[in-house]
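Numbering follows numbering that gives the first Met the number 0, in which position 216 of the first sequence is assigned residue number 215; successive positions increment by one, without gaps.
It is possible that some hints are incorrect.
Between beta-carbon pairs, the in silico distance windows are [claimed, not checked]:
| hint | residue 1 | residue 2 | range |
| --- | --- | --- | --- |
| 1 | R201 | E71 | 20 to 26 Å |
| 2 | E22 | P111 | 41 to 47 Å |
| 3 | H206 | K106 | 23 to 29 Å |
| 4 | R159 | E22 | 16 to 22 Å |
| 5 | P155 | D45 | 40 to 46 Å |
| 6 | D110 | D170 | 24 to 30 Å |
Lysine to any residue pairs mimicking SDA-like chemistry, simulated, CA-CA at most 25 Å apart [said to hold, decoys possible]:
| hint | residue 1 | residue 2 |
| --- | --- | --- |
| 7 | K244 | D35 |
| 8 | K237 | A187 |
| 9 | K237 | I252 |
| 10 | K244 | R225 |
| 11 | K244 | A202 |
| 12 | K244 | H21 |
| 13 | K106 | W158 |
| 14 | K237 | A16 |
| 15 | K237 | W209 |
| 16 | K237 | P12 |
| 17 | K244 | H153 |
| 18 | K106 | D247 |
Calculated directly from the structure, the hints in this document are not laboratory data. C-beta: ideal position from N, C-alpha, C; glycine also.
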Amino acid sequence: MTWNVNSLRQRLPRLLALLDRHEPDIVCLQETKIADSDFPSEPLADRGYSALCHGQPGRNGVAIVSRPVMEEVRIGLPGSPPPESARVLVARTGDVMVASIYAINGKEVGDPAYDLKLEWFDALNAWARTAVDPARPMVLAGDFNVTPDDRDVHDPDLWRGRNLASQPERDRLRALMDLGLVDLGRRAAGDVRGPFTFWDYRAGAFHRGWGLRIDLALGTPPIAERLIGVEVDREERKPTAGEGKPSDHAPLIVDLRD
DNA sequence: ATGTCACTTTACAAGTGA
0 MTWNVNSLRQ RLPRLLALLD RHEPDIVCLQ ETKIADSDFP SEPLADRGYS
50 ALCHGQPGRN GVAIVSRPVM EEVRIGLPGS PPPESARVLV ARTGDVMVAS
100 IYAINGKEVG DPAYDLKLEW FDALNAWART AVDPARPMVL AGDFNVTPDD
150 RDVHDPDLWR GRNLASQPER DRLRALMDLG LVDLGRRAAG DVRGPFTFWD
200 YRAGAFHRGW GLRIDLALGT PPIAERLIGV EVDREERKPT AGEGKPSDHA
250 PLIVDLRD
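Turn these sequences into a full structure, and let the hints steer you where they fit.
Listed below in structure tokens is the structure:
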């Protein structure tokens with residue numbers, strides 16, 4: 000499972016309910032917005048989950064919550080542009096590598112943050128060229144802040160060329176996948192629009208179906224051949240589900256054969 | 001496109017980032 004929680008402090012009751020509901024083996028979290036010293040390890044441990052975290056107070060932050068105790072492989076992204084931000088965490092269980100990824104949003108095409116985003120993807124891809132072995136099982140899951148193609152936006156004409164849908168960022172995501180990664184969500188869904196994972200809080204975007212598919216699980220072929228299905232838990236985006244307010248992202252759940 | 005949310009701070013409102 001991968002889920003951008005938009006503050007783990009705010010979303011903890013929902014995360015705990017989500018663990019009870021889906022019983023996932025491994026959960027990649029993004030935008031935890033919490034320092035490692037404040038990470039809520041105990042309520043997770045009570046449910047049989049251990050956690051690795053790479054956070055900072057107030058913004059960004061990634062974590063991997065799992066039933067198997069995972070071995071930490073890497074914290075952070077070597078060569079990523081300053082300022083240092085908590086966006087990558089890599090861990091291993093058995094022969095499976097898992098990376099929790101939170102890409103830079105980029106704000107708008109032309110904004111300095113957009114250039115930083117492209118630079119950050121170059122650093123991610125440079126790391127991935129050394130870390131992704133298509134012969135070995137590996138999953139990169141998280142909020143990539145890029146729609147892979149026009150099927151991943153609710154209104155391609157509206158979004159054409161804009162941040163989250165522009166060609167330079169799509170080219171970089173494509174270069175990452177060309178290292179031998181399968182977009183598991185797209186493979187499971189087939190040639191349809193969506194399934195969306197993010198809806199802006201504003202303007203009633205969820206209610207109006209104004210969604211994007213920017214949360215992705217990318218797997219090497221040994222993972223992809225074990226793919227059973229993929230589900231987006233849209234209930235988690237509704238204010239009525241679980242405890243407290245929703246994140247602006249819904250969890251993406253990938254089901255793999257043992 | 002924008003009917004919001006969560007964070008931070010010479011904190012009880014306003015700016016930032018998403």
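Going down the list of hints, with the structure as the test:
1. R201 x E71: 20 to 26 Å: The hinted range 20 to 26 Å is violated for R201 and E71, with Cβ atoms some 37 Å apart.
2. E22 x P111: 41 to 47 Å: holds, 43 Å
3. H206 x K106: 23 to 29 Å: holds, 25 Å
4. R159 x E22: 16 to 22 Å: Violated - the Cβ-Cβ distance for R159 and E22, about 40 Å, lies outside 16 to 22 Å.
5. P155 x D45: 40 to 46 Å: holds, 45 Å
6. D110 x D170: 24 to 30 Å: violated, 18 Å
7. K244 x D35: holds, 23 Å
8. K237 x A187: holds, 24 Å
9. K237 x I252: holds, 17 Å
10. K244 x R225: Violated, at about 34 Å.
11. K244 x A202: Since the Cα atoms of K244 and A202 sit roughly 16 Å apart, the hinted pair holds (cutoff 25 Å).
12. K244 x H21: Judged against 25 Å, a Cα distance of about 19 Å means the pair holds.
13. K106 x W158: holds, 13 Å
14. K237 x A16: holds, 14 Å
15. K237 x W209: Roughly 14 Å separates the two Cα atoms, so the pair holds.
16. K237 x P12: holds, 14 Å
17. K244 x H153: holds, 24 Å
18. K106 x D247: holds, 16 Å
Violated hints, listed in ascending order, are 1, 4, 6, 10; each of the other numbered hints is respected by the structure.
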